[in-house]
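A.B. asks: Keeping their order, the protein sequence lines are chains A and B. Counting in this note's numbering, the first sequence runs from 1 upward without gaps. Counting in this note's numbering, the second sequence runs from 1001 upward without gaps.
Source of the hints: derived by calculation from the structure; they are not laboratory data. Fair warning: this is a prediction, and the values are worked out from it, not measured in the lab. One or more of the hints may lead you astray.
As the list claims (entries may be wrong) - When the alpha-carbon atoms are kept at most 25 Å apart in a straight line, the in silico SDA-like pairs for lysine to any residue are as follows:
hint, chain 1, residue 1, chain 2, residue 2
1, B, LYS1098, A, ASP156
2, B, LYS1008, A, ASP156
3, B, LYS1339, B, VAL1365
4, B, LYS1003, B, TYR1049
5, A, LYS116, B, ASN1287
6, A, LYS157, B, ASN1219
7, A, LYS60, B, ALA1162
8, A, LYS84, B, ASP1290
9, A, LYS238, A, THR213
10, A, LYS10, A, ASN161
11, B, LYS1003, A, GLU137
12, B, LYS1003, A, GLN108
13, B, LYS1008, A, PRO106
14, B, LYS1027, A, LEU163
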Amino acid sequence: MINKTFKNIKTNKATGFVPYIVAHYPNRDTFKEALTLLAELNADVIEIGIPFTDPIAEGKVIEKAHHKVLEDNFNISDLLDDVKDFKSKFDTPLIAMGYTNSFINPDQESFCQNAKNAGFDGFLIVDMPYVEHEMIEIIKNNDLEFVQLLAPTSTDKTITNCLANEPAMVYYITQRGVTGSGNLDYAEITENLMAIRNKINVPLVTGFGIKTTEHVNQFKNFTDGIVIGSSIVDILSKPNPLITLENYISPLIKEIKA
Amino acid sequence: MNKGYFGKYGGTFIPETLSHACEELDKLYAEIKDTDEFKSELNDIYVNYVGRPSPLYFAESLTEYYGGPKIWFKREDLNHTGAHKINNTVGQALLAKKLGKKRIIAETGAGQHGVATATICAKLNLDCVIYMGQTDIERQELNVFKIKTLGAEVIPVTSGTATLKDALNESIRDWVTNVEDTHYIIGSVTGPHPYPTIVRDFNAISGKELKHQALEQINKLPDMIVACVGGGSNAMGVFHPFIEDKDVALIGVEAGGNSSMDVGGASINDGSQGVLHGAKTKILQTNTGDILETNSISAGLDYPGVGPEHAHLADIKRAEYVKIYDQEALDAFYLVSRKEGIIPALETAHALAYLEKVKTLSTDVNIVVNMSGRGDKDLYSVMNNDK
Ligand SMILES: Cc1ncc(COP(=O)(O)O)c(C=O)c1O
Chain A
1 MINKTFKNIK TNKATGFVPY IVAHYPNRDT FKEALTLLAE LNADVIEIGI
51 PFTDPIAEGK VIEKAHHKVL EDNFNISDLL DDVKDFKSKF DTPLIAMGYT
101 NSFINPDQES FCQNAKNAGF DGFLIVDMPY VEHEMIEIIK NNDLEFVQLL
151 APTSTDKTIT NCLANEPAMV YYITQRGVTG SGNLDYAEIT ENLMAIRNKI
201 NVPLVTGFGI KTTEHVNQFK NFTDGIVIGS SIVDILSKPN PLITLENYIS
251 PLIKEIKA
Chain B
1001 MNKGYFGKYG GTFIPETLSH ACEELDKLYA EIKDTDEFKS ELNDIYVNYV
1051 GRPSPLYFAE SLTEYYGGPK IWFKREDLNH TGAHKINNTV GQALLAKKLG
1101 KKRIIAETGA GQHGVATATI CAKLNLDCVI YMGQTDIERQ ELNVFKIKTL
1151 GAEVIPVTSG TATLKDALNE SIRDWVTNVE DTHYIIGSVT GPHPYPTIVR
1201 DFNAISGKEL KHQALEQINK LPDMIVACVG GGSNAMGVFH PFIEDKDVAL
1251 IGVEAGGNSS MDVGGASIND GSQGVLHGAK TKILQTNTGD ILETNSISAG
1301 LDYPGVGPEH AHLADIKRAE YVKIYDQEAL DAFYLVSRKE GIIPALETAH
1351 ALAYLEKVKT LSTDVNIVVN MSGRGDKDLY SVMNNDK
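Next comes chain B alone, as it looks inside the complex (with noise of 0.2 Å):
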């Protein structure tokens, strides 16, 4: 089988351009991920600069509104800039120092992930280039003006949809054009091979952490691990750690959009196989593979593809994946807000709107939910939306 395949999806589908820094990412990551200094220095930023391990935190007014099943949250909106986003970031800036890149470019949509970039870029004094859609510079304009406060370029990008497909597609240009100089810290699970393999690996750290704290707080495994899938990061990252773990049941959680009507960003529930920036995987597309503009609350869940290792694990029946619409997001995000005192990212929000499908479930069941991003990103959207 070729490399980077998972099942049926993953593979390499980029220009020949690209495939050189590819293979050389690809290399020099197996050589170094199990290294001892590449182990400590990476765990020294996630101990003294993300703030890890987060913790993972018992819901009591939540589990006792819902009169069931044990909640849990794991906190990745705990980390430095408010989002599980950092994991993946810090540990592609080192990668790319150790590739001799001095220059960084990524996408964002909600903009956690061109925050958490820009981030690591001014600690590490590394050039960085945001690449974002204009639909979501309107929708996340906080994100915006910290990204440039970290020293961080935004370019905004107004063909096609002007969201994070497009974004993706303008760094993939810039890549293609500064590839000798250029690191490109895409930000999900996404992308051509290794991409999904190392933004994994990189995220799995909450699902690392997760197992231990599991043992010592719940004294087993729990029963249920819930997460938002935009491209799939957060999700992969909690899951991966309990594949092997049968019991578990893992959810993903889709963004249906507005309606069922709607085109939302379910590319598993509602989408079929394609290829689309450098994977196979399941996307929203028409029956002649052009790619369908979505619609989602979240600017984060608003895309039309999903990491091919998601679209595997849906093949084989080890995840389970839901869709749960705009307004039921909406809810949990105030709910939570007001029981926990914990606002949600929009994105965790459908994570957490899930909570209501298993509420009758029994009081032993334990249900982690990961609580991938804080919401103050969200505040505005959510104020206009309320208007």
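With the rest of the complex left out, here is chain A (with noise of 0.2 Å):
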């Protein structure tokens, strides 16, 4: 079956559009005036990043986006706030990525049901692992989505265990390497995703390292999201963020749902 909040990105003709931002960055106003003008663009799915002092899968420029918003003494319920009021308005889902040490405290259930009641959709958590079922049992039982991370190196077995917990979407990473990283192998990538749809039956979106319309265009017919996290929390770190944000992405868009 496929899932309710993933529904249009998996039914629509056209692939979706996932940007990513990090939390509060490059402060609290921009981010969520950036949070709007990524919806009113019609983002499919928007990715909030938590900010974690040792985002370990992260390239340079959304570590010093998490280290950014950690030294201005970034706050959890600020945010769950700013998620709070966007949903009174949009109805986009958003899902919290990060690392398992943010979403634990007080304690994991906790946790689950402060971002339920905000608002999230579901969780994207780097560096939990499959077989911790029954932290993923949790996310479930809080009736959150839970986002599964596959690699180039995910072996076989690896994905049909990881797909097990029945996912309800699945999240391919182009390269071995961080975000933001540029040894994009499209023959690879393409062939990864292909394996990979014939396997599911929930949306497959795709990211780390694509930036321009000539990357989109290699993927988009194999993937039904294309993510696009640091040159857009790169042009957040920029003067006059949310003009150039929106002239940088409208193309993009234009291009994945072309």
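Join the two chains into one complex using the hints; note that each chain is given alone, in its own frame.
C.D. replies: Structure, rendered in structure tokens:
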């Protein structure tokens, strides 16, 4: 069965647009405006990075953003208020993306409840392995969707085991590397995407290092959604972030949906 | 229960890109660890290259000075490269060769693990890259030069706190990127499964030797074993063969930092359960799960996490974990240098400082301190601190 939350991304003919931004980066106000802008530009799902001191899968751009937000005394309840506020105006699905240690305080159950009440739709926890069934169950029992990462190094056995957890969406990492790197191997990526798509009936999105219309063109027919992260986060650190973001993202969206 | 758990601690909390590499390592290690071929290959290196077995030394002057229990040192400081760290790196470098990996990466704090890794990579003709925090590069200049002399590259890490934890982050990022041809030699009993087990097993050579030596030289097992705990590899190495010997008290000494007002490096004493660098363990963190900046005069203990098996031993009360502050460690550093003619590493000085707390025990009591490393690398820091 196709999950309700991500229904659009799977059933629409066009490929989905899935932007990633870091919570409260570059500051709380700009973050809120960026969130609104992305929704108005018809983002299909928005990923919100939960800042962490030690984001081991992030490249320099996103790591810096995490650290900046923490230096500015990031407060998770402020973020939850912002999400609630956003959800009163838009129904764009929101996914909290981050690292296990940010998702278990004061304990995992309370964190899930708080996130759910605020309006988050699901979690993508980069360093939580599929074998942690109990933790995954807690997420699902709180009526939150669970997104599974797969990588070029994932074996068939791992893929099968991951899918047994019934994720609501699968996120394929394009490369061996951190976010924002530029080692895209088109042939390998499309081959893996085709193989994974054959095994699943939930949406399959693709990300890591996708920045240009050329990248988008390479993959859009093999995936249900394209994730764009580092280049958006980078733009948000610049002067006039929102206008620059809109100018950058509009042609990409056009290409993705074309 | 999932693989790689010690009670409720451990696990494999890593990005999916690395799960295959960890599985591969786990499988290879299980296949070869008990084979005669691997054991004799490793033993040859331990004996002829590292200089094992390391002596169990009776610290007569220090014993006399305190006038209490008999004090012994397990002399890991006499190993090639001057610390216990080489016990692990030689074992893992052999595993890397068998995995067909030509490139090695490692993180280092005090620089001892970096030196021990660069050393075996030189011998086995493996490319070697060492990640080291900028703060540690400054306080461990000599080891940085040693690593470069051995032909390895040192990459400074300036993000975050620019210490060991950030060097670990950068190493993981390199590993994610180069996982096909690179083996990551983690330097302590930390990280995702199977590292805590593999690093413990390679370090357990010291505990196994100690058992034999104690029976020969003391005619019984020691009453107490004391070791400093950063990530916990030297401690786990001497503790592990004694875990079933319930009469042997196991004392892990954590770094308290400058004073009790400070965040030191005492993850078991002052930390709480969390997930860091691949494992669920005790960590020093804020109430929202961000990792705290730690402080210790010794770079090797300046880390906000601890090996998951230590967290478990603390929970089940099989080992006791105490805190020693910078000044107490410095006092012990000078005391042992002057009484025994052995200059200890500042990490080790934390374990030695614990003797002050047990000096009134009876003269029948035998205490072994694991002399995890020698102090050459720290002379510069101590000199600056004294100014
Ligand atoms: C001499 C010495 N002892 C102890 C340590 C702490 O590490 P572990 O707790 O893993 O033994 C270090 C780390 O660099 C060290 O160099």
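A.B. asks: Run every hint past the structure and note whether it holds.
C.D. replies: Now the hints, each set against the structure:
{"no.": "1", "hint": "LYS1098(B) <-> ASP156(A)", "in the structure": "holds (23 Å)"}
{"no.": "2", "hint": "LYS1008(B) <-> ASP156(A)", "in the structure": "violated (29 Å)"}
{"no.": "3", "hint": "LYS1339(B) <-> VAL1365(B)", "in the structure": "holds (20 Å)"}
{"no.": "4", "hint": "LYS1003(B) <-> TYR1049(B)", "in the structure": "violated (34 Å)"}
{"no.": "5", "hint": "LYS116(A) <-> ASN1287(B)", "in the structure": "holds (20 Å)"}
{"no.": "6", "hint": "LYS157(A) <-> ASN1219(B)", "in the structure": "violated (53 Å)"}
{"no.": "7", "hint": "LYS60(A) <-> ALA1162(B)", "in the structure": "holds (14 Å)"}
{"no.": "8", "hint": "LYS84(A) <-> ASP1290(B)", "in the structure": "holds (23 Å)"}
{"no.": "9", "hint": "LYS238(A) <-> THR213(A)", "in the structure": "holds (21 Å)"}
{"no.": "10", "hint": "LYS10(A) <-> ASN161(A)", "in the structure": "holds (22 Å)"}
{"no.": "11", "hint": "LYS1003(B) <-> GLU137(A)", "in the structure": "holds (18 Å)"}
{"no.": "12", "hint": "LYS1003(B) <-> GLN108(A)", "in the structure": "holds (21 Å)"}
{"no.": "13", "hint": "LYS1008(B) <-> PRO106(A)", "in the structure": "holds (17 Å)"}
{"no.": "14", "hint": "LYS1027(B) <-> LEU163(A)", "in the structure": "holds (23 Å)"}
The structure shown violates the earlier hints numbered 2, 4 and 6.
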